[in-house]
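**Student:** Chain residues, written in single-letter form:
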Amino acid sequence: MARRLERIDRPIKVLTDDIYALSSIWNMLYVAVPRIFPALLVLLMPLLSPGAYGERVVIITAIYALLALSWDFISLSTGLVSLGQALFFGVGAYIAGLLNLHLGLSPILTLALATVLGASFCTALLAPCLPLRGIYFAMTTLVYPLLIARVIEATAIVGGTDGLVGIDSFPNAWVETYLVLIFLLGCGFGLRRFMTTDLGLVLRSISDNDQAARASGVNVTSHKLIALWIGAALGAFAGAYFTHLYMFVGLSAFSLDLSILPIACAVVGGMGTLAGPVVGAFILVPLAEMLRDLGTLRIVSYSLLLVALVLFKPEGLLSYLKRRYEQVERWVEV
Amino acid sequence: MPLLTVSEVSKSFGGIKALDGISFSVAENDVLGIIGLNGSGKTTAVNIISGFAKPGSGQVRFKDRDITGLPPHRIAGLGIARTFQTVRPFHNLPAFKNLIVPLYSPRIRKFTEGGRWGDRDAVALDLLEEVGFERDSYVPYKPASTLPHGYLRRLELARCLALKPDLLMTDELFSGLSASEVGSMVPLIEKLQTRGMTLIMVEHRLRELFRLANKIVVMDRGRKIAEGSPSEIVENSTVKETYLGAEL
Numbered sequence: 034m035a036r037r038l039e040r041i042d043r044p045i046k047v048l049t050d051d052i053y054a055l056s057s058i059w060n061m062l063y064v065a066v067p068r069i070f071p072a073l074l075v076l077l078m079p080l081l082s083p084g085a086y087g088e089r090v091v092i093i094t095a096i097y098a099l100l101a102l103s104w105d106f107i108s109l110s111t112g113l114v115s116l117g118q119a120l121f122f123g124v125g126a127y128i129a130g131l132l133n134l135h136l137g138l139s140p141i142l143t144l145a146l147a148t149v150l151g152a153s154f155c156t157a158l159l160a161p162c163l164p165l166r167g168i169y170f171a172m173t174t175l176v177y178p179l180l181i182a183r184v185i186e187a188t189a190i191v192g193g194t195d196g197l198v199g200i201d202s203f204p205n206a207w208v209e210t211y212l213v214l215i216f217l218l219g220c221g222f223g224l225r226r227f228m229t230t231d232l233g234l235v236l237r238s239i240s241d242n243d244q245a246a247r248a249s250g251v252n253v254t255s256h257k258l259i260a261l262w263i264g265a266a267l268g269a270f271a272g273a274y275f276t277h278l279y280m281f282v283g284l285s286a287f288s289l290d291l292s293i294l295p296i297a298c299a300v301v302g303g304m305g306t307l308a309g310p311v312v313g314a315f316i317l318v319p320l321a322e323m324l325r326d327l328g329t330l331r332i333v334s335y336s337l338l339l340v341a342l343v344l345f346k347p348e349g350l351l352s353y354l355k356r357r358y359e360q361v362e363r364w365v366e367v
Numbered sequence: 015m016p017l018l019t020v021s022e023v024s025k026s027f028g029g030i031k032a033l034d035g036i037s038f039s040v041a042e043n044d045v046l047g048i049i050g051l052n053g054s055g056k057t058t059a060v061n062i063i064s065g066f067a068k069p070g071s072g073q074v075r076f077k078d079r080d081i082t083g084l085p086p087h088r089i090a091g092l093g094i095a096r097t098f099q100t101v102r103p104f105h106n107l108p109a110f111k112n113l114i115v116p117l118y119s120p121r122i123r124k125f126t127e128g129g130r131w132g133d134r135d136a137v138a139l140d141l142l143e144e145v146g147f148e149r150d151s152y153v154p155y156k157p158a159s160t161l162p163h164g165y166l167r168r169l170e171l172a173r174c175l176a177l178k179p180d181l182l183m184t185d186e187l188f189s190g191l192s193a194s195e196v197g198s199m200v201p202l203i204e205k206l207q208t209r210g211m212t213l214i215m216v217e218h219r220l221r222e223l224f225r226l227a228n229k230i231v232v233m234d235r236g237r238k239i240a241e242g243s244p245s246e247i248v249e250n251s252t253v254k255e256t257y258l259g260a261e262l
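The listed protein sequences correspond, in order, to chains U and P. Numbered by the working numbering, the letters in the first sequence go through residues 34 to 367 in order. Numbered by the working numbering, the letters in the second sequence go through residues 15 to 262 in order.
It is possible that some hints are incorrect.
Unchecked claim - With a straight-line Cα cutoff of 25 Å, these simulated DSS-like cross-link-like pairs (lysine-lysine) come out:
#1 K229/P / K205/P
#2 K124/P / K355/U
#3 K77/P / K156/P
#4 K46/U / K355/U
#5 K178/P / K229/P
#6 K46/U / K77/P
In short, the hints are calculated from the structure, not lab data. Model, not experiment: these values are computed from the prediction.
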């Protein structure tokens, strides 16, 4: 007798789809808990993690989570695969450093300025590449950070290979820890909400089928620019934050790690969900720290874990958990 | 004065002349049928009018305005909508959300309110009902990727109607549809026609086309070989030789 796996929505999931006015407390909790619990967990993490080192790991995780979120947003809303998150990160990092060193602006102000200016600079840089698709766009974004790093190295502008030192740090440890976490949560929930608005739907339609979007009277290029700007802004903020965190910015701000790890986070967490990449970052980055004790075997075990996750949960962890939360599975005979 | 005039338009792909100095015009409330063998340049003509391809030479005028070489979204904004030969829905969106895209375009946006379950959703559901989606069923809410081909063709038509076009171009609207599906689509086109819409239909199904169109252009290897009312075309000897064969 042949069997097949049947998936059915849980009754409570159907009940809570779209109707809120008549919901019971359990229905409301069913909707709210998967949103509130992770947010609380993120906010409590610095208090739960031991010492300055633990706090630092949380901050770095949040920075990578922002890059992963930026990557996922760009791929979801334009259909473009970016291999150059390091470009956004590096440009934001250097702008923050320069503004702080030369104009003496406070870290909070440089963060805001670096986010806006960095995003505009990166968008202008990538605008000519927007008609490219797939691997061609990926290649150009891959090259830009490497190119800028070599230009800085060759011309010795903005500190050359020595980088910029003596940058101000954040006013206190609370600001240092919580500014990035709150920004991350705001962006995560905000972008998820944004994608359900009409403008968000139009952006998703462009990644789905840009020809049909054009025929529907939508200016595809200008919408792609908007999406790219938002994605770049997240990356630039992450970079600027990093600069003030370490009070230093160097050529490592353009390193390849910053482009690749966010993609790994997105794949592990679940692409196209916006929350998935954040979850992925909160798994992969602390994991890399925990495996430090293994010495040279660290990278081996890390890679094996990554491969196993991609192999056995290709949909991504968050998508898997969401499915289990919303549906029941059972074997039925056919 | 004609609504759309195509004059002396040529287009080459490499060494192949897809269009070779083609001219025709469409008056308001006309239904123009374009027929021809595969590769005779029908779709290229639609692509050039809708801005998806730039002509090598020649001019396209719409409402007495030169629209040659404008980008597709500008042309759509002026009121020319088109369907695609292969259906191109937004697969990941529910069927009725597919229509949010044209409803959000600058041409229509100012008339509708957005938001969750706002005007745009209501207008979208109305449009889907008009093209034959069952309103009280799940169908309009299903992701486009799960809909059967007949519904996707209707969805494609609804996406065009959402733009409130003055000129609607359909590229093989009936292809891949069953006889009964075609049978329900024809009255829909007739309804649009009585409402005063102008249509250009590229079609292989001649029986239905000859019933709907009041003017036919026959193309062969990028050139216009005949033009006239359906009854004239059926009698035309050149058309019989190159295209229709002896059966008509």
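**Student:** Would you mind confirming whether the straight-line C-alpha gap from K77/P to K156/P stays at or under 25 Å?
**Tutor:** Not OK: K77/P and K156/P at ~38 Å, beyond 25 Å, violated.
**Student:** Take a quick look at whether K46/U and K77/P sit within 25 Å of each other, Cα to Cα.
**Tutor:** Status violated; Cα separation ~52 Å.
**Student:** Decide if the proposed pair is consistent with the structure: K46/U and K355/U, CA atoms, cutoff 25 Å inclusive.
**Tutor:** 11 Å, holds
**Student:** K178/P and K229/P: Cα distance at most 25 Å?
**Tutor:** 23 Å, holds
**Student:** Under the criterion that the straight-line Cα-Cα distance not exceed 25 Å, is the pair K229/P, K205/P satisfied?
**Tutor:** 18 Å, holds
**Student:** Is the Cα-Cα distance between K124/P and K355/U 25 Å or less?
**Tutor:** 37 Å, violated
The structure is inconsistent with the numbered hints 2, 3, 6, although it conforms to all the rest.
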